[in-house]
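Student: Sequences are here, hints too, so could you generate the full structure?
There are 2 protein chains.
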Amino acid sequence: MREVAVIGVGMIKWGELWEKSLRSIFVEAAMNAIEDAGVDRIDSMYVGCMSSGLFVGQEHLGALLADYLGIAPIPATRIESACASGGAAFRQGFIEVASGLSDIVLVGGVEKMTDVSGGGATFALSTAADQEYEVYNGVTFPGLYAMMARAHMERYGTTRKQLALVAVKNHDNGSKNPHAQYQMKVSVDQVINSVMIADPLTILDCSPITDGAAAVVICPLELARKISKKPVVKVTGSGAATDAIAVHQRKDITHLAAAEEAAQRAYKMAGIKPSDIDLAEVHDCFTIAEICAIEALGFVETGKGGPATEAGETAIGGRIPVNPSGGLKSKGHPVGATGVAQICEVVTQLRGEAGERQVEGAKLGLTQNMGGTCASCVVHILEVA
Amino acid sequence: MREVAVIGVGMIKWGELWEKSLRSIFVEAAMNAIEDAGVDRIDSMYVGCMSSGLFVGQEHLGALLADYLGIAPIPATRIESACASGGAAFRQGFIEVASGLSDIVLVGGVEKMTDVSGGGATFALSTAADQEYEVYNGVTFPGLYAMMARAHMERYGTTRKQLALVAVKNHDNGSKNPHAQYQMKVSVDQVINSVMIADPLTILDCSPITDGAAAVVICPLELARKISKKPVVKVTGSGAATDAIAVHQRKDITHLAAAEEAAQRAYKMAGIKPSDIDLAEVHDCFTIAEICAIEALGFVETGKGGPATEAGETAIGGRIPVNPSGGLKSKGHPVGATGVAQICEVVTQLRGEAGERQVEGAKLGLTQNMGGTCASCVVHILEVA
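Chains as they are written, first to last, in our numbering: chain A, 1 to 385; chain B, 1 to 385.
Keep in mind that the hints were calculated from the coordinates and are not lab data. Note that the structure is predicted; figures quoted are calculated from it, not measured. Just to be clear, a hint being listed does not mean it is correct.
A pair counts as met if it fits within one copy or between any two copies, since identical chains are not told apart.
Below, computed lysine-lysine pairings styled on DSS-like, alpha-carbon distance capped at 30 Å [claimed, not checked]:
hint	residue 1	residue 2
1	226	268
2	13	268
3	251	234
4	251	20
5	176	229
6	273	363
7	185	251
8	304	229
9	363	268
10	273	185
11	161	20
12	363	234
Tutor: This is the structure in structure tokens:
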């Protein structure tokens with residue numbers, strides 16, 4: 001397998017983009033990535049998107065977006081793995097470049113969620129869970145993660161305040177990110193006293209509904225060294241894994257087994273251990289999700305995600321900065337775009353271009369993107385080449 | 001890139017499978033492929049599916065189906081390219097094995113279309129077209145292909161009878177396929193006099209709404225030679241391409257430019273020319289589609305698809321047998337499964353296991369799977385190793 005590098009990243013401001021369509025936000029992010037990469041051709045494209053069918057009545061995104069980006073007739077394929085669609089799309093691009101089939105590959109992610117008709121955003125998102133055994137019986141994602149939070153609190157003594165502190169930290173980071181949907185800071189009291197969604201999770205424990213897109217350009221490392229005018233970032237590890245889709249079929253609902261498995265595969269490929277990582281973008285779709293994720297990734301011991309957050313270990317400047325971008329919580333969570341945006345943030349950090357939210361001296365970063373309640377997970381490791 | 005072989009194929013009887021769910025038909029086909037391959041492990045899985053979100057309210061099929069197949073925690077990813085989802089999924093499996101990342105990969109395709117609620121099957125299928133410029137203005141797929149048929153008749157003198165003869169041939173072939181949804185023969189008169197759908201296309205010019213699944217197991221050629229008890233079939237070419245998604249934006253609506261481009265890429269990789277092909281499974285979603293496809297693939301001259309069909313050149317026993325399985329027309333068209341089933345048929349033919357519909361002496365086969373009105377297309381070339 002050839003070595004692979006990221007040579008371009010493209011973000012746009014995320015939010016409720018009523019005046020823009022799915023195709024226009026995708027093209028905007030993709031053009032930013034192509035411009036950043038400084039390339040004049042694309043050989044193949046992947047698009048991560050969870051549910052454009054239910055959100056905007058449009059499938060066939062590979063062809064649609066290659067057409068609107070003006071790069072047809074190249075191969076263009078849409079990848080879906082619920083909220084991990086972006087990370088999964090990046091993995092497919094990585095595999096294609098590594099295989100030798102294509103040199104310059106564009107990977108984008110997109111989701112247009114605010115102007116949904118029909119069953120609404122909650123129904124569309126619920127299709128990431130087991131429709132027959134979970135959704136039919138009335139559960140929603142806030143409900144599922146609330147159960148995971150309650151179990152974590154019971155078993156490990158995780159406190160309500162510790163959950164809230166994840167939101168406080170990530171909004172603090174997001175306030176320094178011009179692309180973030182919500183750039184306001186929040187306090188522990190504000191989080192705990194905001195509208196209850198599914199006990200113990202209030203609305204400020206939940207990531208928002210977002211319109212957004214993100215894109216990256218990748219190529220063989222050897223080519224990157226020749227053509228890139230920016231610090232080259234190498235993809236040293238890629239791991240993916242699955243788990244029982246329905247939460248009730250898992251041995252331990254507080255443990256993200258697919259995240260652990262995907263991370264172990266990525267660590268092995270990269271030849272590193274969790275303590276080598278300088279910063280991570282993890283999938284904080286709910287505050288409890290970040291606590292479970294940092295445990296599964298091996299950054300903290302099992303059950304210690306709450307205390308580590310409270311001690312500031314995951315803040316910028318802490319032992320292992322998590323979600324310097326603001327995470328899903330503050331930056332927003334256009335589900336198919338999230339995994340690609342995580343790559344954009346890590347590359348930006350490794351290049352030293354993250355401005356106010358820069359993690360000093362970052363050389364090695366990780367992204368963790370999960371689908372549903374982590375029935376699928378994709379982990380990538382990136383390193384300054 | 002490593003050489004890749006198909007070592008297992010799995011089909012089920014397609015049709016209106018009211019008593020079975022999406023997950024159960026997928027598992028059935030996958031188990032058939034695994035048993036045929038004789039392997040005891042799977043390293044990675046791809047699932048081709050167009051719109052399970054709109055058809056059955058379920059996304060996240062990679063995780064769901066890996067779980068129900070009992071193969072989690074392996075990586076499992078859903079691929080979507082409208083009606084070319086199956087062919088696109090096969091291509092991703094091919095790339096992953098070729099890259100060296102995984103050895104034994106399962107590629108399945110599935111669609112459950114009959115018990116759809118909400119907007120119905122016609123709406124779900126329409127999401128393969130341009131929602132903003134085509135569907136919003138009232139077009140449907142029968143309407144789009146009817147326009148292509150009218151233009152082909154005007155420009156090249158293609159006759160109504162020639163269109164009908166595609167259906168007659170494919171039903172004739174399908175009558176010999178125990179997995180086909182419709183195993184009855186039809187006559188030219190029956191086709192022409194059946195219910196009008198979109199002039200000139202009647203219902204017997206259209207592929208049906210189908211529940212179905214199909215699966216294959218692939219691995220490196222070197223490994224296949226060691227473990228396979230059946231004739232080994234090598235994947236020698238893989239090509240994919242895109243085109244303007246909206247038909248009105250194309251230079252010539254009778255020409256499937258993406259099919260030509262994908263085929264040229266596949267021929268180049270395989271080092272062959274169209275006349276080397278012994279049989280082909282092509283995407284006959286409508287009778288006119290087969291006529292346009294055999295022209296774009298280079299089997300006949302542009303404009304000569306109708307006369308070639310009338311002369312029996314594409315029948316089993318003809319110069320270039322097309323759709324010996326019965327094609328989408330008779331075998332059925334569960335959109336995400338179609339491209340994988342095409343691979344199953346070609347492998348079955350190349351192994352000499354196709355029974356009554358066997359193409360004698362077949363050594364080299366081609367599959368052509370397209371999305372929408374061929375805004376995306378995937379072509380594969382398979383050869384007895």
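Student: Confirm or reject each hint.
Tutor: Status of the hints after comparison with the structure:
In this assembly of identical chains, the alpha carbons of residue 226 and residue 268 lie at most 30 Å apart whether taken from the same copy (28 Å) or from different copies (28 Å). Taking the shortest alpha-carbon separations for residue 13 and residue 268, neither the intra-copy value of 35 Å nor the inter-copy value of 42 Å comes in at or below 30 Å. Within a single copy, residue 251 and residue 234 get their C-alpha atoms no closer than 36 Å, and across copies no closer than 41 Å, so neither meets the 30 Å cut-off. When the C-alpha separation of residue 251 and residue 20 is checked against a cutoff of 30 Å, the pair qualifies only between copies, where the shortest distance is 28 Å, while the shortest distance within a copy is 44 Å.
When the C-alpha separation of residue 176 and residue 229 is checked against a cutoff of 30 Å, the pair qualifies only within one copy, where the shortest distance is 26 Å, while the shortest distance between copies is 61 Å. Proximity of residue 273 and residue 363 under a CA criterion of 30 Å is satisfied intra-copy only: 14 Å inside one chain copy versus 49 Å between copies. In this assembly of identical chains, the alpha carbons of residue 185 and residue 251 never lie at most 30 Å apart, being 37 Å within a copy and 53 Å across copies at closest. For a Cα distance limit of 30 Å, the shortest separation of residue 304 from residue 229 qualifies neither inside one copy, at 42 Å, nor across copies, at 52 Å.
Taking the closest pair of Cα atoms, residue 363 and residue 268 come within 30 Å of each other only inside a single copy of the chain (18 Å); across copies the shortest separation is 42 Å, beyond that limit. In this assembly of identical chains, the alpha carbons of residue 273 and residue 185 never lie at most 30 Å apart, being 33 Å within a copy and 63 Å across copies at closest. In this assembly of identical chains, residue 161 and residue 20 lie within 30 Å of each other by CA distance neither inside one copy nor across copies; the values are 38 Å within and 47 Å between. Within a single copy, residue 363 and residue 234 get their C-alpha atoms as close as 11 Å, which meets the 30 Å cut-off; across copies the closest is 43 Å, which misses it.
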